[in-house]
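With chain A fixed as given, assemble chain B onto it according to the hints.
Protein chains in written order, with the working numbering: chain A, 1 to 662; chain B, 663 to 816.
Mixed in with the good hints there might be a few duds.
Claimed, not checked - Only part of the chain B face toward chain A is listed, based on derived beta-carbon distances under 8 Å:
(1) Pro693
(2) Ser715
(3) Ala788
Claimed, not checked - Calculated pairs, EDC-like style, for lysine to aspartate or glutamate (alpha carbon to alpha carbon, straight line, at most 20 Å):
(4) A:Lys606 x B:Glu688
(5) A:Lys606 x A:Glu572
(6) A:Lys606 x B:Asp746
Source of the hints: derived by calculation from the structure; they are not laboratory data. The beta-carbon is built from N, C-alpha and C at its ideal position, and this holds for glycine as well.
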Amino acid sequence: MLVEIGHFALVLALLVALVQGTLPLVGASVRNRPLMDMAQSAALLQFGLVVLAFATFMHAHIVSDFSVRNVFENSNTAKPMLYKVTGVWGSHEGSMMLWVLMLTLFGALVATFGRPLPAGLRARTLAIQGLLGFGTLAFIIGTSNPFDRLIPAPLEGRDLNPLLQDPGLAFHPPFLYFGYVGFSITYSFAIAALIERRIGAAWARWVRPWALTAWCGLTVGIAMGSWWAYYVLGWGGWWYWDPVENASFMPWLLGTALLHSAAVVEKRESLQRWTVLLAILTFGMSLIGTFLVRSGVLTSVHAFAVDPTRGVFILVLIGLVIGGGLVLYALRAPGLEAGNPFAPVSREGALVFNNLLLCAGMATVFLGTFYPLFAEVWSGTKLSVGPQYFNATFVPILAPGIVAMVMGPVLAWRRGNLVAALRRLLPAAIGAFAVPAIVYISERGARLPALAGIALASWAMLGVLTDLVDRSGLARQRPSIAWRRLRHLPHGVWGYAIAHFGVGVLIAGIVVSTAWRSERIETMHPRDTIQIAGRTLRFVGVTEGDVANYHAQRAQIIVERHGSAPMTMYPERRWYPVAQSQTTNTAIATNGFGDLYLALGEPDGKGGWVLRSYYNPLVPWIWFGAILTALGGLVSLSERRLRARVARAGAAVAPARPADAG
Amino acid sequence: MIRRLILVAAFLADLTVVAYAVEPSERLADPALEARARALSQELRCLVCQNQSIDESNADLAHDLRVLLRKRLLAGDTDRQVLDYVVARYGQFVLLDPPFEPATYLLWLTPPVLALGTGVLLLIRARRRRPDRLLPPLTEEERARAAPLLGERG
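In isolation and in its complexed conformation, chain B is listed as follows:
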């Protein structure tokens, strides 16, 4: 198994990850800017599709949004500014990664509370059912009293 994994790792080593735009015609000349555009387009929802990001979608609207965000990037916007710009036009709904704000407190806080709750539940259980309570060992005194009885029987 290890040998196989080493083979795979070695095999992976000659791969290089290069990101390209979804449509060749949309691609920006600057690779750094293009990489940011790709990352941003994975966070934006295609509004006419079912649950796809504009990075995955071939809908016309997704294409328009991809072009739009590249224009904003070329104009010198930060990632934050691009997202704000798109949200201002299309609403909160376009953000696939919901921001942490009053409307999403419940969404973001529940999982950590659940994880913590699981831990606490297990701790309480562990305290209540300690192995020694499962089968309490004999005290010195008890052992001393038991010895002759056991001796008599044996």
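One chain only, chain A, in its complex shape:
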């Protein structure tokens, strides 16, 4: 019964989305206020209905109602409760439900907090959001219904893919989708602005916080996914340039460009058209990311042919969203007012430079990801594009961007002075040469790319610190005054500083862990010892036992290091009998500067076990850096909200705007 209520709510949400996507648009063009305001109630209602549908679907998973096909296919009574809940979005149907839940959540947020927006812009934005909801709901109901019944109901379910039964992956999709779908709002704003033929001050003030919110979610989502890959796949890699990873990385690259160009729109009223274009493309990439991964077309063209309804629906949806957006852009953008001019060497100039590099980098990732598909469709050639290609193309394109990233914030708006900027950054520049030199002296084997990477990382981190010291005026004032100035810097400045510093930390982690990783793979018997990275690993033995829905083989290893207390690590292998699959549960000991990483391999049948041990120096910095970067976004956002509140108070006093400009 509950399942039917959920199904019904989903269909109702589809109808509400249709109303939300049409009537307010009509209302905005004939300037009918009640029709326009309908968008808000429709957005809230659509959100409520989707929440209801999602809740009943989740309930079916929690109580293991195997009469629902999706529960049968992805759950099991023995599965721990945490994974019964998070297993809701572990399947295709469930992840689509999560997607539409986020989509309507963002619509409801605009409806709730968008009161200070001009009525026409608000109505149009919500209407576009409604149309996106209509498309997704139609896709779910038409091709991926989560409420499909199985009659008679089976007694036991097939269990969720064990790889997904992991805390890292359980919460990775919600963050990722929050990011993907968050860009739907900037898309809707962009389309609304094109319909209105006007990019007003309200538009500029609104787009940046939404882009930032979505971007923070996406950053955390990608970092979690990479962390998961690191500790689950059992050989210590953390980024594979896998199509699935690239699918989330492409909207991130464009989203990064978008939030920076949106800052220019807001502060300098420049780059409006470019920002609109980026908003359309970023959400386009989010759609391609989610749907093409979901359709399976990236792993094999044949997966597409197995289920053509889904594939064709997806292609049409993506075509309408991106194609429609771009056509509208081509028609309307030339009519938008031109922005304020700026010199090539200026903060805007640096932002444009980085925007273009981010786009070129995105295009490279896109090409590498889809090239095998194109090649197979066009000429029937089957070829692979591996990490070697991405490292050889993407990294050199983005490297100059890191150099510019440090200089942008110290350049003035509109017209900057390159020499003065470099003089201000002199300490960072010295560090960028000195640090790799020190590394080279202590580590003669260091290769040039690794040293160049260390130089970039030092430049990024020291550049931020130099700029902060400069802004505090420490050179001219007493430390107490400088400290007070530093504390009172706007959140926006702190946000930039934390985020850019995080990028430096991230680069350091990537470079050092790649260049100086050590590895030992040996067959171990009880009491055997091996040496790795100055540590002695003593293999005690393996114990076996049944836990929850799996059978575990657990090795005990004692790690000894000169001058510190010994510790015990337990790498594990798990066998999931229902799902018939094997997982590796690695043991990782970290001290913040490096990870000792152990993975238990196969037994050799003669009492020996393969043990893979790695020492990955600075690898935790990859995730520290990513988290700092996302934190920087949140800090900037905290100021925005404050200002939005002030703006709202101001708007209440100011005379009402005309609803529409044309």
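Here is chain B on its own, set in the frame of chain A:
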């Protein structure tokens, strides 16, 4: 920060990079040959996995390929010959690092063209919007004419 980096660098100095085969039983006795085998196996795709090299994969087929390429190396093949041998058996698809050839011209040439294009675009922009056009400075003559006017107002 610098101090911390020095610490890290010093800490790194006592690490030595030694490469071992993915399975201990596959390892070759000659370390130089084994290092070549490792490098080669990172360039070959595991055909039954999703986007993994045979170096990372624990699939049986990956194991067979690792053993195969070591046999070829022991027989005295160059790296090129080993790759050609594997490609002849399994097709272009096994190469993770796509070679530069007609089918991949577009793949390899687009990124440099994009990078160059970005540079050209910025140069054109810089020429069109020179700072002096943003706010052209006064010529001597103009300044001379402006001086009395400014003097009168002031």
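Comparing the hints with the structure gives:
Interface hint status for proline 693 (chain B): violated, as the beta-carbon distance to the closest one in chain A is roughly 14 Å, over 8 Å. The criterion of a C-beta within 8 Å of any C-beta in chain A is met by serine 715 (chain B), whose closest approach is roughly 7 Å, and the hint holds. Interface restraint check for alanine 788 (chain B): the shortest CB-CB distance to chain A comes to about 4 Å, inside 8 Å, so the restraint holds. With a C-alpha separation of about 17 Å, the suggested pair lysine 606 (chain A) and glutamate 688 (chain B) falls inside the 20 Å cut-off, and the hint holds.
For the hint pairing lysine 606 (chain A) with glutamate 572 (chain A), the CA-to-CA distance comes to about 19 Å; that is within 20 Å, so the pair holds. For the given pair, lysine 606 (chain A) sits about 37 Å from aspartate 746 (chain B) by alpha-carbon distance, which is inconsistent with the 20 Å threshold.
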